[in-house]
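Listed in order, the protein sequences are those of chains B and D. Per the numbering used here, the very first residue in the first sequence carries number 227; after that it's consecutive. Per the numbering used here, the very first residue in the second sequence carries number 1340; after that it's consecutive.
One or more hints might be untrue.
[To be verified] Straight-line alpha carbon distances no greater than 20 Å define the calculated DMTMM-like cross-link-like pairs of lysine to aspartate or glutamate that follow:
no.: 1; chain 1: B; residue 1: 506; chain 2: B; residue 2: 494
no.: 2; chain 1: B; residue 1: 438; chain 2: B; residue 2: 498
no.: 3; chain 1: B; residue 1: 401; chain 2: D; residue 2: 1410
no.: 4; chain 1: D; residue 1: 1608; chain 2: D; residue 2: 1593
no.: 5; chain 1: B; residue 1: 444; chain 2: B; residue 2: 360
no.: 6; chain 1: D; residue 1: 1608; chain 2: D; residue 2: 1590
no.: 7; chain 1: B; residue 1: 403; chain 2: D; residue 2: 1398
no.: 8; chain 1: B; residue 1: 401; chain 2: B; residue 2: 356
no.: 9; chain 1: B; residue 1: 401; chain 2: B; residue 2: 494
no.: 10; chain 1: B; residue 1: 506; chain 2: B; residue 2: 451
no.: 11; chain 1: B; residue 1: 407; chain 2: B; residue 2: 451
no.: 12; chain 1: B; residue 1: 407; chain 2: D; residue 2: 1413
no.: 13; chain 1: B; residue 1: 441; chain 2: B; residue 2: 406
no.: 14; chain 1: B; residue 1: 407; chain 2: D; residue 2: 1652
no.: 15; chain 1: B; residue 1: 401; chain 2: D; residue 2: 1413
no.: 16; chain 1: B; residue 1: 403; chain 2: D; residue 2: 1652
no.: 17; chain 1: B; residue 1: 272; chain 2: B; residue 2: 498
no.: 18; chain 1: B; residue 1: 272; chain 2: B; residue 2: 494
no.: 19; chain 1: B; residue 1: 272; chain 2: B; residue 2: 497
no.: 20; chain 1: D; residue 1: 1458; chain 2: D; residue 2: 1593
no.: 21; chain 1: B; residue 1: 321; chain 2: D; residue 2: 1410
no.: 22; chain 1: B; residue 1: 403; chain 2: D; residue 2: 1582
no.: 23; chain 1: B; residue 1: 281; chain 2: B; residue 2: 494
no.: 24; chain 1: B; residue 1: 407; chain 2: B; residue 2: 371
no.: 25; chain 1: D; residue 1: 1615; chain 2: D; residue 2: 1590
no.: 26; chain 1: B; residue 1: 316; chain 2: D; residue 2: 1410
no.: 27; chain 1: B; residue 1: 438; chain 2: B; residue 2: 451
[To be verified] Reference excerpt, derived from the structure (chain B facing chain D, CB under 10 Å, subset only):
no.: 28; residue: 350
no.: 29; residue: 351
no.: 30; residue: 378
no.: 31; residue: 405
no.: 32; residue: 406
no.: 33; residue: 408
no.: 34; residue: 476
no.: 35; residue: 497
Hints were generated in silico from the structure; no laboratory data involved. The beta carbon of each residue, even a glycine, is placed where N, CA and C say it ideally should be.
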Amino acid sequence: MDRFRNAIRGAALAAVLCVAFMPTGSFAQAAKIAVDGSTTVGPVAKAFAEYYMSKNPGVNITVSESGSGNGAKSLVNGTCDLATMSRFMKDEEFKAAVGKGVYPVATVVAVDGLAVVVHPSCPVQGLTIDQIRDIYVGKITSWKELGGPNVPIVLISRDTNSGTYESFETLVLNKQKISDKAEYVGSSGAIRSRVQSTPAAIGYLGLGFVDKTVKALKVNDVYPDVATVTSGLYPIARPLFMFTNGYPKMGSHLYSFLNLYLTQKGQEIIEEIGFVPVTKY
Amino acid sequence: MREQLLISRGARRFKRFGALFGSSLLIGTASSSVIALLFIFYFIMRDALPFFRIEGVREFFTSTHWYPSREQPEFGALSIFVGSALVTLGASVVAVPLGILAALCLSDILPFSVRQVAKPVIEMLAAIPSVVYGFFALVVFAPLLQTHGGSVLAAGAWMVAAPLGLVAVAVGSDVVAARLPLRVQRPGRIVAAATLGALVVAVLLALTGMLNRLAVSSGTNALNVSIILGIMALPTIVSVSEDALNAVGRELREGSYALGATRAETLLKVVVPAAKSGILAAVILGIMRAVGETMVVWMASGNAARIPSPWFDFLQPVRTLTATIAGDMGEADHVTGSARYHVLFAMALCLLAFAFVMNVVSEYMVRRSRRMKG
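One chain only, chain B, in its complex shape (with noise of 0.2 Å):
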């Protein structure tokens, strides 16, 4: 009897182990899709799966905000199905990701402009690129070399962590050193909230996280809007990317997911988000 009983424990035994340890193939990858990734395309990933699994009630969506470098970590260590970035992966991740045998394919899924944002009751409404480049040095200190008053200008910016931060660094600060007074933080919502909060505060973030509790500047006498973006009017402007290992199965959940950008729906979530979509319906 008690053989038997063993018997039964063992045959239970090796059925949960065969489980706990079977390859995570298409079944897995058709119920569940992990993202993982940028702070500033997490929002549009959240709002997508939001959607998608409002459609597909059998899947389950999961999606993490780390930073764009994180994200590639999770597609090269194969934690995340999909990993959203706000910024191209580097020469060291593609190499890593090809030395593992994942092959990183590249979405653009939308169009972000970084806006320059000061405290709504800054009397400077516009800047050029050099000027914001001489801020974020250290060459310029007060507003009142810009037309303010005469009080120290504050610094915010990302943590060099950040997606968002390498952008702005390539995109603005042209290989200069970012002054030491810089002050970071860990998210574009706790830039909003510095600078909304402090009067002599200048920061940088996506266009979808800018409202009215800022003001964006004007870079170049281009205001930062959908228009000046799409058109390439607008010097800070980035493509916004989601990373898949190789290009996914047609049909499959992950494929669908990936091309809710395309949809009229996608679209609009884009829009409602604040980024700039590639498709106009």
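Model the placement of chain D on the given structure of chain B, informed by the hints.
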């Protein structure tokens, strides 16, 4: 019958093995935390040492240029060490006197029923997640410092200085009166108290005026974080030192009272010295909490990697070791094993070494105070 009492060789062996197995299991369990510590040391060392091999030691400890993400990265962490030290110092200034006084008040001054309510409430401070403190520091306290920074500081100065001033006036007038001839002692004391009081108020008002003119340009600074970290370290300090004060026991207190000591004398000359080692342990635990805290400093210290000038200017943003480790880990690439990844472990190693030294020092001091007593 006799054969049944004897244990067979097999059974005896089984028994011995059983005992061996049991004791080794217990030893293993008991040493698991030590082993965990050794493993932590080993793994942090393993990832920290490559940094010093790649970049050398000198730049890390002497330069203030922290640009880890550039193409030619610079890893000067001096300003980050200074930031951590400043924040820790500030938190201790806030938490240590307040915590020890609160513990004294709880253990010896407040009635027992109040203590029974107050202590759990203070300990509840420890249960609040640090991200909540961070959110408060960022969203409520930082803007408050910016808009009413001078007044907040002035109010703080009054809160600290007014009671101290009162004590100073009382003691000072007593000292002055004691030197006067007996006949004029009473009016002399009143006059002395009045002049001293006026002096204290004048100094305080001047200080308030000075602080009120102070403009805080950025609310996320060392002061903000110091105060919040001080509040976070409070429950540890209060709770542990209150336990130490309680452990002193009734006999010592009653003996002191029986010898005619006042309550103040009993507290300062008997109870506190007897509980010294416990209070010291509480202070060190509290400081370690402030050193190791990450979320609050990441959210509310400003994270600017630069030494404030002058160094004691707490109204400037600072960057700490913990915040740097947390903030830079995402981009640091462990696949290629870059210096940018290993530098974070070098920082972790420094934090660990600091904690280790603190613990050894506290252990040594506790032992010494015990030996002196014994």
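20 Å limit on alpha-carbon distance, applied to hinted pair residue 321 of chain B and residue 1410 of chain D: With Cα atoms ~18 Å apart, residue 321 of chain B and residue 1410 of chain D stay inside 20 Å; holds.
If you draw a straight line from the CA of residue 403 of chain B to the CA of residue 1582 of chain D, is it 20 Å or shorter? This hinted pair is violated, its Cα atoms lying about 52 Å apart.
Residue 438 of chain B and residue 498 of chain B were given as a pair; does the straight-line alpha-carbon distance stay at or below 20 Å? 15 Å, holds
Given the hinted pair residue 441 of chain B and residue 406 of chain B, is their alpha-carbon gap at most 20 Å? 25 Å, violated
Please verify whether residue 401 of chain B and residue 494 of chain B have alpha carbons no more than 20 Å apart. With a Cα-Cα distance of about 36 Å, the restraint between residue 401 of chain B and residue 494 of chain B is violated, given a limit of 20 Å.
Straight-line Cα separation of residue 316 of chain B and residue 1410 of chain D no greater than 20 Å? 12 Å, holds
What's the verdict on residue 1608 of chain D and residue 1593 of chain D, does the C-alpha distance respect the 20 Å limit or exceed it? Holds. Residue 1608 of chain D to residue 1593 of chain D sits at ~13 Å (cutoff 20 Å).
Have a go at the residue 351 of chain B hint: is there a Cβ in chain D nearer than 10 Å to its own Cβ? With Cβ-Cβ at 22 Å, over 10 Å, it is violated.
Can you confirm whether the C-alpha distance between residue 1608 of chain D and residue 1590 of chain D stays at or below 20 Å? 15 Å, holds
Would you mind confirming whether the straight-line C-alpha gap from residue 272 of chain B to residue 498 of chain B stays at or under 20 Å? 13 Å, holds
Need the status of pair residue 506 of chain B, residue 451 of chain B: alpha-carbon distance at most 20 Å? 16 Å, holds
For the hint on residue 350 of chain B, just tell me whether its beta-carbon gets within less than 10 Å of chain D. Check failed: Cβ of residue 350 of chain B comes no nearer than 16 Å to chain D, outside 10 Å.
Going through the hint list in order, the structure does not satisfy hints 9, 11, 13, 16, 20, 22, 28, 29, 34, 35.
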